[in-house]
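Please take these sequences and the hints and turn them into a complete structure.
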Amino acid sequence: MRELERYYRVLDLEPGASLEEVNQAYKDLAFIWHPDRIPQENQRLREKAQKKLQEINEAREKLRSLKTKHQIPHHSHHSHHSYNSYQPYQHHSPPPPPKKPQTKTTYQSPNPQSANPQSANHQSPNPGSTNPQSPNYEPPKQNPDLSGKDFSHANLSNKDLSGRNLSYANLSGANLTDAFMHKVILRGADLSEANLFRANLLLADLREANLRNTNLIGADLSGADLRGADLTGARVRSGDRLLVKLIGANLSGAIMPDGNVHG
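Residue numbers for the sequence shown, in the numbering used here: 34 to 296.
Since the hints were derived computationally from the structure, they do not count as laboratory data.
Treat each hint with caution, since some may be false.
Listed next, the in silico DSSO-like pairs over lysine-lysine satisfying Cα-Cα at most 27 Å (straight line) [to be verified]:
1) LYS60 <-> LYS100
2) LYS85 <-> LYS95
3) LYS60 <-> LYS84
4) LYS95 <-> LYS84
5) LYS60 <-> LYS81
6) LYS100 <-> LYS85
This is the structure in C-alpha cells:
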C-alpha cells in the first residue's frame, strides 16, 4: 500500500484518483519536466529532469496496470486496499465483452476472445462467474502478439501500447499522438509518415524500423534502440533546435533525417 501511495505522490495526486486523473497528471508533469525545456548547459537540472520523467513514467504505468485489473467485476468485492494482494484472474474464462463495432484500422484493447471472429455473436455460458455483465466491464488484459498486423492510417492517439510486440507491423500514416509506448517492440515496423507527436517511446526497440518522413516532434526516444533505423526526412527540429529527446538512444547505423548514416 505504501508503494501505491508513493506512485500517487509522484503524480501529485491523492490516493484513489481516477484513471483519467492519472493520465492527465502524467501529461502535465511530462510536459513540465521534459529535459528539452532546460538549457543544454545546465546538465545538473537536465539529469534531474530525466530522473523525474522516469519516475513519472513508472508511476503512470503501475497505476494504469493496477486500475485496469481492478475493473474486473469478479474482484469488485475487494476493498481499495487490496492492491498488493491481488492475483490475476486465471482460473476461468471471462464472460464475453459487450458487443462493439470494430474496424481493421481502429485499435481495440486486447481481450482473450479478440482472436475469434465469431465471439461477438457467440454467447457461451460461463459457469465460473456469477457476476452479470456491466457496461463498464473490461476483460483481463492480455499481451497478444501484434507483430505484422496492419494498423496503417489507424487512429491510435493516446493509446497505451507499452510493452507490446508490434515488430514488422504496418503503422504507416498512423496517428500515434501522445501514445504511451514505453518498451514497445517495433523492430522492422513501418512507421513511415506516422504522427508520433509527443509519443513516449522510452526504451523502445526500433531496430531497422522505417521512420521515413515521420513526425517525431516532442517524442521521447530516451534509451531507445534505433540501430539500423531509417529516419530519412523525419521531422525532429524546429530551425536549429532539436525537439526530440534522444538521451541514451542507440543510433548506430541509423540513417539520420539529413540522409547521413550515424557512425
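Checking each numbered hint in turn, tell me which of them this model violates, lowest number first.
none
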